[in-house]
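Colleague: Quick note, the sequences are listed as chains B and A, same order.
Going by the numbering used here, 141 is the number at position 141 of the first sequence; the sequence numbering is gapless.
Here the numbering used here = 1-based position in the second sequence + 540.
Note that these hints are calculated values from the structure, not bench results.
Beta carbons: idealized from backbone N, C-alpha and C, even for Gly.
Any given hint could be a false lead.
[What the hints assert, rightly or not] Residues of chain B clear of chain A, computed beta-carbon distances all greater than 12 Å:
#1 Gly36
#2 Arg171
#3 Thr202
#4 Phe339
#5 Phe411
#6 Gly423
#7 Trp429
#8 Ala436
[What the hints assert, rightly or not] Rough simulated footprint, nothing fancy, chain A against chain B, three-plus residues with beta-carbon under 8 Å:
#9 39-52
#10 174-185
#11 188-197
So the chains spell out like this:
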Amino acid sequence: MNMSFADMMMRLFNDHLAVLPVLLPGLTAVLMLLIGDRPAEQCLPRLRRIALISVGLGLLFALKLAMEADDGVLRVYRVGDWPAPFGIVLVVDRLSALMLLLTQAVALPVLVYASGGWDSHGRHFHALFQFQLMGLNGAFVTGDLFNLFVFFEVLLIASYVLLLHGQGKERFRVGLQYVAINLAASALFLIGVALIYATVGTLNMADLAQRVPQVQGDEALLLKAAALILLVVFGVKAALLPLYLWLPATYAAASAPVAALFAVMTKVGVYSILRVHGVIFGHDAGAAALTVQPWLLPLALGTSALAVLGALAAHTLPRLVAYLTVASVGTILAALGLFTAPAWSAALYYMAHSTLVIAALFLLVELVAAQRGDAGERLEPGAPVAQPALLGLLMLLAAASAAGLPPLPGFIGKLMVLQASSGHEAQAWVWTVVLAVGFLTLIGLARAGSVLFWSVRPELAGSGTSAGASPRLLLATVSLIVAGVFMSAMAGPLKRYTDAAAEQLGDRRAYVEAVLGSEGVQTTRPYVFPRTPATEGAHP
Amino acid sequence: MSILSSISVEFLVATGIGWVTACGVFLMLRGRSFPVVLGLTLLGYAVNIFIFVMGRLWSGAQPILGQGEVQADPLPQALVLTAIVIGFATTGFVIELALRSRAESGTDHVDGKEPDA
Chain B
1 MNMSFADMMM RLFNDHLAVL PVLLPGLTAV LMLLIGDRPA EQCLPRLRRI ALISVGLGLL
61 FALKLAMEAD DGVLRVYRVG DWPAPFGIVL VVDRLSALML LLTQAVALPV LVYASGGWDS
121 HGRHFHALFQ FQLMGLNGAF VTGDLFNLFV FFEVLLIASY VLLLHGQGKE RFRVGLQYVA
181 INLAASALFL IGVALIYATV GTLNMADLAQ RVPQVQGDEA LLLKAAALIL LVVFGVKAAL
241 LPLYLWLPAT YAAASAPVAA LFAVMTKVGV YSILRVHGVI FGHDAGAAAL TVQPWLLPLA
301 LGTSALAVLG ALAAHTLPRL VAYLTVASVG TILAALGLFT APAWSAALYY MAHSTLVIAA
361 LFLLVELVAA QRGDAGERLE PGAPVAQPAL LGLLMLLAAA SAAGLPPLPG FIGKLMVLQA
421 SSGHEAQAWV WTVVLAVGFL TLIGLARAGS VLFWSVRPEL AGSGTSAGAS PRLLLATVSL
481 IVAGVFMSAM AGPLKRYTDA AAEQLGDRRA YVEAVLGSEG VQTTRPYVFP RTPATEGAHP
Chain A
541 MSILSSISVE FLVATGIGWV TACGVFLMLR GRSFPVVLGL TLLGYAVNIF IFVMGRLWSG
601 AQPILGQGEV QADPLPQALV LTAIVIGFAT TGFVIELALR SRAESGTDHV DGKEPDA
């Protein structure tokens with residue numbers, strides 16, 4: 001009896017594992033809102049514990065999903081058991097599982113860091129944090145384009161408020177701009193999605209993968225327009241060349257843990273570009289195949305180049321890191337823009353690594369800034385930090401990793417990108433930009449490091465706010481950096497995983513069969529042949 | 541009269557959506573937060589009708605199931621409902637944010653400071 005109950009729970013867990021990364025943070029957030037956060041001194045410790053348990057569980061679920069995906073299982077979850085493509089489906093393949101794992105791996109240390117004090121600077125931080133995770137996880141597992149929009153909105157609405165966390169004039173200024181830009185992008189997203197629906201008659205990704213290649217003639221032109229509109233939308237999220245201008249000011253104004261979590265948010269844009277433009281509008285998409293190829297690579301290389309110049313010109317630490325975020329996104333998108341499986345594998349590896357390092361850098365610069373007295377986060381000589389050896393070493397590790405020095409994983413990621421581009425017609429451009437950006441990143445970070453740790457004004461010693469960073473904050477930062485460095489030691493298995501993930505993305509047939517069944521489902525479109533929407537005659 | 545009767549409903553609706561979108565974009569590019577919010581709202585309206593129209597325009601069709609020969613596509617209606625709800629919530633938020641930003645910076649300019657005269 002006891003045994004069978006345990007079996008039943010295990011089966012229940014196993015059946016619903018795919019939806020848990022979305023449900024768990026959602027329910028946790030609701031629970032937190034019910035608990036409330038007043039009075040803070042009573043509620044905050046409780047909220048912190050709940051948040052920690054929830055994110056830890058989420059990490060375990062993501063690990064389980066990733067291990068399962070590693071065996072080549074395509075996990076399809078039909079919400080309410082409605083058959084695809086009519087109901088909502090969640091699909092966890094290798095790429096989705098990797099993104100889930102990355103999200104949770106960043107979220108856990110960031111949560112520990114935020115629990116060190118930042119979460120008391122405003123209300124409902126933990127609930128919003130969970131909603132943000134729900135939106136991120138949902139965007140990564142959904143198998144439906146409209147659902148992708150809905151989860152985008154969930155994560156954006158949470159991010160609007162998280163960005164304002166801690167308040168202050170500057171945060172409200174960039175907050176309004178950030179919200180306006182993202183609302184405009186959401187409107188464009190809907191236009192793109194509606195255009196796709198109008199031409200193809202479905203929004204289920206598996207069904208789209210089947211139908212898009214069949215579209216021809218004038219409808220294919222509309223479909224291409226939709227693909228390009230969606231590139232603009234995802235470009236805003238991912239910070240692609242003309243659309244990244246909002247990012248540095250926004251991320252620099254956000255509080256450190258929020259900015260570190262936002263490092264994952266740009267990757268939602270990258271993920272969506274890969275899913276939509278890499279797979280649905282990929283190689284064998286008929287008339288609309290590779291619609292964005294002429295645009296993506298040049299824009300991505302331009303993003304990287306301009307962003308690293310921005311990093312060189314940055315006058316505050318968070319701004320420097322924010323520009324490095326944009327530069328790394330440029331490198332990832334350049335690899336995506338090559339449209340080959342090895343390049344995608346390189347992009348995934350580099351993305352996982354750069355997200356961890358960028359998140360670590362956002363936390364680290366705040367630790368450093370807190371010990372520099374009045375100079376704070378400005379890049380000018382200030383009081384010597386209280387823990388120069390420790391923070392200096394962490395800074396060195398993170399900087400070398402971000403710039404791509406061997407043997408750190410940033411080097412391996414960039415090497416994979418360079419290798420994947422060899423033989424491509426744009427090889428010279430990719431090599432030049434990636435190597436130059438790495439070099440300039442190194443210069444920018446070396447300059448920042450020497451100002452922070454060497455070019456100090458000893459007469460100001462002791463004016464810093466704290467003798468040393470608290471162990472909790474240090475632990476969170478160190479664990480992110482260690483996770484980044486660990487990727488170097490695990491490079492072999494990880495590369496096998498990302499290789500397989502990239503291969504899996506190219507296999508349309510397996511994806512369609514997993515979601516729609518091997519015989520396929522015939523969906524109806526009321527307005528195509530033999531009936532046409534002839535309005536003349538139909539008018540009263 | 542003959543000109544009017546030769547204009548299709550599709551043309552009228554498309555022109556209307558285009559006009560509202562143009563107004564929305566124009567307002568969104570203004571420097572004050574109130575026109576920006578109005579512009580976002582107008583853009584939202586235009587997009588909602590656009591989604592709705594993507595199910596094609598029908599007259600005399602059955603809404604979902606029925607006896608008639610022709611059935612309208614119910615999916616865009618479901619999609620537009622979701623979009624309306626989300627748009628409504630975000631509009632509420634952005635209005636509150638604009639008011640708060642006005643209170644914090646003392647100006648309703650989107651840059652947080654008055655442009656130099």
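Colleague: With reference to the structure, classify each hint as holding or not holding.
Modeller: Hints versus structure:
no.	hint	in the structure
1	Gly36	holds, 21 Å
2	Arg171	violated, 9 Å
3	Thr202	violated, 9 Å
4	Phe339	holds, 29 Å
5	Phe411	holds, 41 Å
6	Gly423	holds, 42 Å
7	Trp429	holds, 34 Å
8	Ala436	holds, 33 Å
9	39-52	violated (count 0)
10	174-185	holds (count 7)
11	188-197	holds (count 6)
In this structure, the hints that do not hold are numbers 2, 3 and 9, in rising order.
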